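Participant: Given the coordinates of chain A, work out where chain B should sit on it, guided by the hints.
Number of protein chains: 2
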Amino acid sequence: MTVSSDTIFTMGRRTILSGLAALPVLYALPAMAQTGVADPLPSWNDTASKQAIVTFVERVTKAGSPDLVPPAERIATFDNDGTLWAEQPIYFQLAFALDRVKALAPLHPEWKDKEPFASLLKGDLKGALAGGEAAIFEIVTVTHSGMTTVEFEQIVQDWIATARHPVTKRLYSEMVYQPMLELLAYLRANGFKTFIVSGGGIDFMRVFAERVYGVPPEQTIGSSGKLDFELRDGKPVLMKMPELNFNDDKNGKPVGIQIHIGRQPIAAFGNSDGDLQMLEWARAGAGVRFALLVHHTDAEREWAYDRTSSIGRLDKALDVAQAEGWTVVDMKNDWKTIFPFGGK
Amino acid sequence: MTVSSDTIFTMGRRTILSGLAALPVLYALPAMAQTGVADPLPSWNDTASKQAIVTFVERVTKAGSPDLVPPAERIATFDNDGTLWAEQPIYFQLAFALDRVKALAPLHPEWKDKEPFASLLKGDLKGALAGGEAAIFEIVTVTHSGMTTVEFEQIVQDWIATARHPVTKRLYSEMVYQPMLELLAYLRANGFKTFIVSGGGIDFMRVFAERVYGVPPEQTIGSSGKLDFELRDGKPVLMKMPELNFNDDKNGKPVGIQIHIGRQPIAAFGNSDGDLQMLEWARAGAGVRFALLVHHTDAEREWAYDRTSSIGRLDKALDVAQAEGWTVVDMKNDWKTIFPFGGK
Numbered sequence: 009m010t011v012s013s014d015t016i017f018t019m020g021r022r023t024i025l026s027g028l029a030a031l032p033v034l035y036a037l038p039a040m041a042q043t044g045v046a047d048p049l050p051s052w053n054d055t056a057s058k059q060a061i062v063t064f065v066e067r068v069t070k071a072g073s074p075d076l077v078p079p080a081e082r083i084a085t086f087d088n089d090g091t092l093w094a095e096q097p098i099y100f101q102l103a104f105a106l107d108r109v110k111a112l113a114p115l116h117p118e119w120k121d122k123e124p125f126a127s128l129l130k131g132d133l134k135g136a137l138a139g140g141e142a143a144i145f146e147i148v149t150v151t152h153s154g155m156t157t158v159e160f161e162q163i164v165q166d167w168i169a170t171a172r173h174p175v176t177k178r179l180y181s182e183m184v185y186q187p188m189l190e191l192l193a194y195l196r197a198n199g200f201k202t203f204i205v206s207g208g209g210i211d212f213m214r215v216f217a218e219r220v221y222g223v224p225p226e227q228t229i230g231s232s233g234k235l236d237f238e239l240r241d242g243k244p245v246l247m248k249m250p251e252l253n254f255n256d257d258k259n260g261k262p263v264g265i266q267i268h269i270g271r272q273p274i275a276a277f278g279n280s281d282g283d284l285q286m287l288e289w290a291r292a293g294a295g296v297r298f299a300l301l302v303h304h305t306d307a308e309r310e311w312a313y314d315r316t317s318s319i320g321r322l323d324k325a326l327d328v329a330q331a332e333g334w335t336v337v338d339m340k341n342d343w344k345t346i347f348p349f350g351g352k
Numbered sequence: 009m010t011v012s013s014d015t016i017f018t019m020g021r022r023t024i025l026s027g028l029a030a031l032p033v034l035y036a037l038p039a040m041a042q043t044g045v046a047d048p049l050p051s052w053n054d055t056a057s058k059q060a061i062v063t064f065v066e067r068v069t070k071a072g073s074p075d076l077v078p079p080a081e082r083i084a085t086f087d088n089d090g091t092l093w094a095e096q097p098i099y100f101q102l103a104f105a106l107d108r109v110k111a112l113a114p115l116h117p118e119w120k121d122k123e124p125f126a127s128l129l130k131g132d133l134k135g136a137l138a139g140g141e142a143a144i145f146e147i148v149t150v151t152h153s154g155m156t157t158v159e160f161e162q163i164v165q166d167w168i169a170t171a172r173h174p175v176t177k178r179l180y181s182e183m184v185y186q187p188m189l190e191l192l193a194y195l196r197a198n199g200f201k202t203f204i205v206s207g208g209g210i211d212f213m214r215v216f217a218e219r220v221y222g223v224p225p226e227q228t229i230g231s232s233g234k235l236d237f238e239l240r241d242g243k244p245v246l247m248k249m250p251e252l253n254f255n256d257d258k259n260g261k262p263v264g265i266q267i268h269i270g271r272q273p274i275a276a277f278g279n280s281d282g283d284l285q286m287l288e289w290a291r292a293g294a295g296v297r298f299a300l301l302v303h304h305t306d307a308e309r310e311w312a313y314d315r316t317s318s319i320g321r322l323d324k325a326l327d328v329a330q331a332e333g334w335t336v337v338d339m340k341n342d343w344k345t346i347f348p349f350g351g352k
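Quick mapping for you: the protein sequence lines, in order, are chains A and B.
The letter at position 154 of the first sequence is residue 162 when you use the numbering used here, and the numbering goes up by one with no holes.
The letter at position 315 of the second sequence is residue 323 when you use the numbering used here, and the numbering goes up by one with no holes.
Here chain A stands alone, though its shape is the one from the complex:
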């Protein structure tokens, strides 16, 4: 049995615990939080960030609170890269795409003379990415189209089960932030519906979001390519086409939220300028609202980067957060643990 947020939320406590028992130990969530006996956020230091989270949740959920929000409206949206899992030294989905280029190379002899593939196949990542966004778009397109959705799911499944991070040598699905796993579980235990709203690929994330984050496919929102409904040998399939359907980043995040959820979130969580509009959108509604930025400040246990980083740049959003009084998580000081296995 997989543990979806709905499963956790809909069944009795016995089922919750038996479901959790099926999870790998690394991702064990603080089950005792359900009972109120233990600290629901044990990997968070007792700093202002943790206090702000708990205060917000209590204000919108405690019976009798003037700020009480009905469960159906307790919508929380989370960015993925850099917010729920790491994104250095390159976005993990790009690492997947690069691995796929290598795997597919024998079928594409023409890539030997064609950038960005030629450099990539010679092991020159820097040269391959010199073409900037256009090069990345081409790499993502050839590795994310030309197959059915079911075939793609299997490809990602195989990769996520075996590929390892170049620095930590851990599975990518282990490079998730333990404090954020606890936060997801804490919100769900308080009647929130948790959504991922990421610039990452929707079909890519859905392969592991339920197992790793407890977020089911229908609550995972991301960028997507066009799909074509076709009959193949008389059987219906959805073909992944080499054309962008939706870019779920920056201005696209509030749009994706409206299309998929149809309600304004009351809480949003991000880490970069790509999340600014989502956080502004969550804050724009009436009543008590919560916006949080994860600030990567721990070069030792994770990575330290912000205003000038090419990956996960946090510049304008940091200014807005400071001006508006949003919660900014200082990873180094606010988080007791970074990854379930500790730090890098």
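Treat the hints loosely; a few may be bogus.
Just so you know, same-sequence chains aren't split out, so a pair can sit in one copy or run between any two.
Cross-link-like lysine-lysine pairs, in silico, DSS-like; alpha carbons within 30 angstroms at most [as the list claims (entries may be wrong)]: (1) LYS258 with LYS234; (2) LYS134 with LYS258; (3) LYS234 with LYS70; (4) LYS243 with LYS324; (5) LYS243 with LYS258; (6) LYS352 with LYS130; (7) LYS234 with LYS122; (8) LYS344 with LYS177; (9) LYS110 with LYS352; (10) LYS70 with LYS177; (11) LYS243 with LYS70; (12) LYS58 with LYS243.
Bear in mind the hints are in silico, worked out from the structure with no lab data behind them.
Only a predicted model underlies this, so the values are computations on that prediction, with no experimental measurement involved.
Facilitator: Positioned in the frame of chain A, the structure of chain B alone reads:
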């Protein structure tokens, strides 16, 4: 409190009953079904259609059944027009658009000389619609764009609370099929997550889908226009743009299901050729699957139409259903009651 499927599904029986008590009597769902004491589908005659539904639900939900499906995968998708509510003499959303053209006419003096508006404003609906799909598209576009999502929601809210059907003089939200309301509740009581997947407008349906069908916004999928995230007087808004984003009909239905849900439904419900691909997609997965067509056969209590109707044409899908042994509901003989208030 509104009763969403999640609310019903996640809380104890006491909450279910107190939630139902808040519903208008017309839409009272068979609460006793939860206990197995009463018939969960009292408005269905005891015919093959009802038996097929119950047999399917028991096969995929009964503990120990070899065909048991985990709750997270119990996805059921429903068309709206002609499946959950009526669609004659014109699609209800088109009736909304026509009313809006009349309301907006004073702001558009140029419409007096411009089709399809000129005919429409003279009361000549037939003349206005003579332009076919292009005319309808123009009427829908001018009435569904140029405002924020919040403003549009209020406009639909006002309309659905007051506008009345030309034949029955009932509110449009009363023109829903009582047997289908019972079916939605029966599936949810058995751990299904119910989704609407309609060619109708996503923002339009979401205004009433939760109250009327118990389907929350995030489980309501439909056609949509492009949205633009903008600042208006410094406040973020989503503007509805005069451009099609997604057409959730025919081949678009399996595509919409993949984008929004990310799982193949195990049961799908429709009434027209526009639903054929959705039903085929639901049936294409492994294991026990269910496909149902509502066949409009009751000219007295509702309307009788199928192969040659310009609205809700049921021709090719009827052939496929008969060839493949799908369940085809004969409204006249299978349904004890049509609308909560009886029949037209």
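Participant: Hints numbered earlier in the text: which of these fail when held up against the supplied structure?
Facilitator: Hint check: 3, 10 fail, others pass.
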